[in-house]
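Each protein sequence line maps, in turn, to chains B and X.
Quick note on numbering: my numbering labels position 47 of the first sequence as 47, and the sequence is numbered without any gaps.
Quick note on numbering: my numbering labels position 590 of the second sequence as 590, and the sequence is numbered without any gaps.
Hints listed in this document are in silico derivations from the structure and should not be mistaken for laboratory results.
Everything hinted at is true.
Using 30 Å as the maximum straight-line C-alpha spacing, the simulated DSBU-like pairs for lysine-lysine come out as follows:
(1) B:Lys-67 with X:Lys-42
(2) X:Lys-587 with B:Lys-228
(3) X:Lys-587 with X:Lys-574
Just so it is clear, the structure is predicted and the values come from calculations on it, not from any experiment.
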Amino acid sequence: MNIYVLVKRTFDTEEKIVVSGGHIQEDGAEFIINPYDEYAIEEAIQVRDAHGGEVTVITMGDEEAEKQLRTALAMGADKAVLINTEDVEDLDQFSAAHILAEYLKDKEADLILAGNVAIDGGSGQVGPRVAELLGINYVTTITNLEINGDTVAIKRDVEGDTEELETKLPLLVTAQQGLNEPRYPSLPGIMKAKKKPLEELELDDLDIDEDDVEAKTETVEIYLPPKKEAGKVLQGDLQDQVKELVGLLRTEAKVI
Amino acid sequence: MSQAVKGGAFLIEDLTADRVFTPEDFSDEQKMIAKTTEDYVKNSVLPVVENLEHHEFEHSVRLLKEAGELGLLAADIPEEYDGLGLDKVSSALIAEKMSVAGGFSITHGAHVGIGSLPIVLFGNEEQKKKYLPYSATAEKIFAYALTEPGSGSDALGAKTSAKLNAAGTHYVLNGEKQWITNAGFADVFVVYAKIDGEQFTAFIVEKDFPGVSVGAEEKKMGIKSSSTRTLILEDAEVPVENLLGEVGRGHVIAFNILNIGRYKLGVGTVGGAKRALELSISYANQRQQFKTPLSSFNLTKQKLATMASKLYATESLIYRTVGYFEDRMNELSEEAQKDGKEIAAAIAEYAIECSINKVVGSEVLDYIADEAVQLHGGYGFMQEYEVERIYRDSRINRIFEGTNEINRMIVPGTFLKKAMKGELPLLQQAMKLQEELLMMMPEEVGDEPLAKEKVLVKNAKKIGLLAAGLAAQRFGAKLDAEQEVLVNIANIANNVFAMESALLRSEKALEKVGAEKAAQKILYTEIYCQEAFEEIEKYAKDTLLAAVDGDNQRMMLSALRKLTRNTPYNLVTKKREASVKLIDAEKYVV
Chain B
1 MNIYVLVKRT
11 FDTEEKIVVS
21 GGHIQEDGAE
31 FIINPYDEYA
41 IEEAIQVRDA
51 HGGEVTVITM
61 GDEEAEKQLR
71 TALAMGADKA
81 VLINTEDVED
91 LDQFSAAHIL
101 AEYLKDKEAD
111 LILAGNVAID
121 GGSGQVGPRV
131 AELLGINYVT
141 TITNLEINGD
151 TVAIKRDVEG
161 DTEELETKLP
171 LLVTAQQGLN
181 EPRYPSLPGI
191 MKAKKKPLEE
201 LELDDLDIDE
211 DDVEAKTETV
221 EIYLPPKKEA
231 GKVLQGDLQD
241 QVKELVGLLR
251 TEAKVI
Chain X
1 MSQAVKGGAF
11 LIEDLTADRV
21 FTPEDFSDEQ
31 KMIAKTTEDY
41 VKNSVLPVVE
51 NLEHHEFEHS
61 VRLLKEAGEL
71 GLLAADIPEE
81 YDGLGLDKVS
91 SALIAEKMSV
101 AGGFSITHGA
111 HVGIGSLPIV
121 LFGNEEQKKK
131 YLPYSATAEK
141 IFAYALTEPG
151 SGSDALGAKT
161 SAKLNAAGTH
171 YVLNGEKQWI
181 TNAGFADVFV
191 VYAKIDGEQF
201 TAFIVEKDFP
211 GVSVGAEEKK
221 MGIKSSSTRT
231 LILEDAEVPV
241 ENLLGEVGRG
251 HVIAFNILNI
261 GRYKLGVGTV
271 GGAKRALELS
281 ISYANQRQQF
291 KTPLSSFNLT
301 KQKLATMASK
311 LYATESLIYR
321 TVGYFEDRMN
331 ELSEEAQKDG
341 KEIAAAIAEY
351 AIECSINKVV
361 GSEVLDYIAD
371 EAVQLHGGYG
381 FMQEYEVERI
391 YRDSRINRIF
401 EGTNEINRMI
411 VPGTFLKKAM
421 KGELPLLQQA
431 MKLQEELLMM
441 MPEEVGDEPL
451 AKEKVLVKNA
461 KKIGLLAAGL
471 AAQRFGAKLD
481 AEQEVLVNIA
491 NIANNVFAME
501 SALLRSEKAL
511 EKVGAEKAAQ
521 KILYTEIYCQ
531 EAFEEIEKYA
541 KDTLLAAVDG
551 DNQRMMLSAL
561 RKLTRNTPYN
571 LVTKKREASV
581 KLIDAEKYVV
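With these hints in hand, go ahead and build the complete structure from the sequences.
Right under this line is the structure:
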């Protein structure tokens, strides 16, 4: 089976976000594989081990992203591809999906896995957009995957409930927490990863013109959420409390 | 890779920053190995720490097997025996990250380190083939049995005896080995015994050999998550092929395994200290008194900065030593790497550094663990808080693998031995220095970053030489008995090595990333060097007073004053400055 995993390099979840000059400061920050993409990688490895085939992990970014690809290889992926987008100024979900789809269009992928969302941008759009561009089925936020021939039984998370459905390969799925427990790279895996192929491609190699993948959205402002302030406990008769609450909602919070 | 540095040379020679290995030089693979170890400890070990603390050792065995599957037991085992044969840095990183697991890290360390390494380094082909693959997977668990009720520091005073049986097929061992880590579940023990009561020799002893048993679990102050029992040998029958190394040469194995144990212990203290500091900072940020987070009080800032600067120096000196070993091992040919004697010589080369790693590491960890409890106030005294366990677990480090007192004796003792053998030009340099001192002029210190620290390190080395030289002149062959003086000299050496390691690491970073990005490292170095230098001054003065009299004493004291003349920083502001990043990051950052 020909399996591809779309991976994004993101801030470490424990990293403090610092905004300065309208940009998120990346200096000295630790980066990781987007945690939802880790579920996707783990699932890909399990599918390969059960059904045979090959797992290729793909990411976009600069050379720094090689580290995340090596980690995926150390977990057990077979090949990695870095599409270098260092020179492209603005990328958004449209651009990413376009570039990835261009790469994937002639690969005859049976199964493509991605994270449900990236913890940084959080759009959840790239996976479905890629499937749309490739003209294949897709299912988002999956928590279970069973493949039988080219029939695929899936459980997906719908706002806390579970939906069961059946579809066919070729297919793109996005992984939700609970799909599996991602392994950590073993030491032999880490040593082997050094020798596994990691291909680096430029947009030119994919015959993509920078203008064609220019972002369709514009980031107007980046700011941190307001600091959480101490709450207020209302006291007195219930009736008075309600009156006070409504008053505060009107005058202070201005939500009604 | 750089050419290997001579052991102990730091007191006499200067090294350029590009010759030292620093944590900034970790490769991506090494970082990945560290991360896997961290994740394993966090997700697999820490959830059952309470069970381990209550001696539910079935978890230890299970956890070791799991570590085996991840390759965390195979770093030091060559590939031909189903190991990974990793570099020394990777192996050190595993030990550092593992130490967060408290007593379980002792279980792990005893298994991969003192338990298995004697076979890795000194075993013959059959022994390696027979045992090492089981060590890598934890199918068999390994332990090390040297100490006896009557012989601790005096290891060669062991009473356990071995006698060849009449058929010549087995050695019959009798005796008791005390405080044996992993004894509760170990399958294989490296045991030292004297053949015919005389020839100190190592043996590989399996639990199932006739006459081998273990005593009851010890009740300890700390590292309760590890098993400690007595190994009892009553006419224990050990096949002759299980003799390890050579008859009567057990001390070579014992001393070199001790050296490695010391160095690995030092590595472990770095991990433990980082954890204690991280817990302290995050608690100080959370806990409010007088409506103010503790971390906003200046005294807290001072404490955190002092802890971090000591940790920085320790981490620097330990990874510098790891780099020494890596270089030295890489210089050995493949054949030499299989030759116990060559390996022993390579390890023994750094006996001084190993002892310093052990002493400085264990004392800095103890200091940081103690301050961590203090910063937690009453909560730090409560068992629900991790620092309570860290404090208890820390204490043994100053005792095992040779007490810090014994290790302090080793430092000047080995220096002098190397000098006598002509390996280090200690005495020549000391003589030259005494002449130089008579006409010494105070040096102009530039104002570029670290300029002052360079002068402090240079003068600290001279002070060390002066003290060691005068002590050697005065007491000669009887210096052994002047333990108070020896300890002073050891303390100077410890501080010189730590200061210089911090300095070289910061210099290396400064060259690479510039003053702004190396600012935190430079701050730590300034703080540490100033405080360590002040201690050196005191140790040197005590040594001079004990080693020289009369006019000569006055002259030497005046020389010391010249060497210690400097314009110190206001450390109050330096420490407040250094605390900012720590408090912000809520962990040890450089």
